[in-house]
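First to last, the sequence lines map onto chains A and B.
Counting with our numbering, you get residues 1016 to 1112 for the letters of the first sequence.
Counting with our numbering, you get residues 87 to 226 for the letters of the second sequence.
To be clear, the hints were calculated from the coordinates, so they are not data collected in a lab.
Any given hint might turn out to be false.
[Unchecked claim] Computed footprint of chain B on chain A, listed as stretches where at least three residues anywhere in the stretch have a Cβ under 8 Å from a Cβ of chain B:
no.	segment
1	1020 to 1033
2	1075 to 1086
3	1092 to 1103
[Claimed, not checked] Facing chain A, according to a computed beta carbon distance under 7 Å, are these residues of chain B, among others:
no.	residue
4	Val105
5	Leu112
6	Tyr164
7	Val170
8	Leu172
9	Gly175
10	Ser176
11	Gly185
12	Ser196
13	Gly198
14	Leu205
15	Asn221
16	Gln223
In this text, a Cβ means the ideal position worked out from N, Cα and C, and glycines have one as well.
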Amino acid sequence: MKSVLIILLLVCLAALLVAVALDMPPLGEPSTPANASPLTRYVIANAVRDTGSPNRVAAVVADYRAYDTLGETTVLFTAVAAILALERGRKDEKSNG
Amino acid sequence: MDDLVLKVVARVIIPFIQVYGLYVVLHGHLSPGGGFAGGVILAGGFILYALAYGRPALDSLLPDRLAALLESGGVLWYTGLGLVGLLTGSAFLANARAGFPLGVPGRLFSGGIVFLLNLGIGLKVAATISTLFRNLQEEE
């Protein structure tokens, strides 16, 4: 009974996702909000002048939104610090016990 | 694990992996890629080395202390470059306004802070992924 309910739920979810995917605009459609926004036009027109970097993605990631990328590197740093803390603790336990 | 085929193949392709990783990091401001992608490719080379030659070989190539130094050094490098902007009187992580030379767009040494940040992120991510592999791999 429970599995039937789960399968039904998953089918509903799949139908929803397919409906959304069918509603998506074609790739590169110029009239979508992301492509038509003045911000996009600004970056495409001025990134080389502002940052000296022809790769617009790098210009956005490491210049216009560099503060965001600092957060990303901090997330990685915190993840490694947490894993090292857990693993070293486990190893110490092993060598003591 | 002591497999001759794996060792020979790894010895042949690891230099290419590392050079390609460095290429992706250094050309982050010119072509698709950048610090995160290139750093993962570099770490892939280290992981293949550890799988083919064993953990002790990787430990002598990239000691724990060096990885930790790159790890925290990457974040400090990033923040330090950001503070240059504050010291020169513009905004945190500012590029040309903080006095970083932009150079000629399209040349390898151009892009000011974009190039420098990608370099730091690349080394940091390479250290991160190899540290994660080293610590999550089961001891034999």
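Quick rundown of the hints versus the structure:
1. With a cut-off of 8 Å between beta carbons, the segment 1020 to 1033 of chain A has 0 residues touching chain B; three or more are needed, and the interface restraint is violated.
2. Remark: the segment 1075 to 1086 of chain A is confirmed as covered by chain B, as 7 of its residues place a Cβ nearer than 8 Å to a Cβ of that chain, reaching the required three.
3. A stretch counts as covered by a chain when three or more of its residues have a beta carbon under 8 Å from one of that chain; for the segment 1092 to 1103 of chain A and chain B the count is 6, and the coverage holds.
4. Given hint, valine 105/B at the interface with chain A, is violated; its Cβ is 20 Å from that chain's nearest Cβ, farther than 7 Å.
5. At about 12 Å, the closest approach between the beta carbon of leucine 112/B and any beta carbon in chain A exceeds 7 Å, and the interface hint on this residue is violated.
6. Hint on tyrosine 164/B holds. Least Cβ distance to chain A is approximately 6 Å, under the 7 Å limit.
7. Violation of the interface hint for valine 170/B is found here, the shortest Cβ-Cβ separation to chain A being roughly 12 Å, above the 7 Å cut-off.
8. With a cut of 7 Å, the hint placing leucine 172/B at the interface with chain A is violated, because the nearest CB-to-CB distance is about 13 Å.
9. About 18 Å separates the beta-carbon of glycine 175/B from the nearest beta-carbon of chain A, more than 7 Å, and the hint is not met.
10. Evaluation of the serine 176/B hint against chain A yields a violated restraint, the C-beta minimum of about 13 Å exceeding 7 Å.
11. Interface restraint check for glycine 185/B: the shortest CB-CB distance to chain A comes to about 13 Å, outside 7 Å, so the restraint is violated.
12. Because the beta carbon of serine 196/B sits about 5 Å from the nearest beta carbon in chain A, less than 7 Å, this interface hint is met.
13. With a cut of 7 Å, the hint placing glycine 198/B at the interface with chain A holds, because the nearest CB-to-CB distance is about 6 Å.
14. Given the 7 Å rule on beta carbons, the hint for leucine 205/B is violated: about 10 Å separates it from the nearest Cβ of chain A.
15. The interface hint given for asparagine 221/B holds, since its Cβ lies 5 Å from the closest Cβ of chain A, which is under the 7 Å cut-off.
16. Violation of the interface hint for glutamine 223/B is found here, the shortest Cβ-Cβ separation to chain A being roughly 10 Å, above the 7 Å cut-off.
Violated hints for the displayed structure, listed by number in ascending order: 1, 4, 5, 7, 8, 9, 10, 11, 14, 16.
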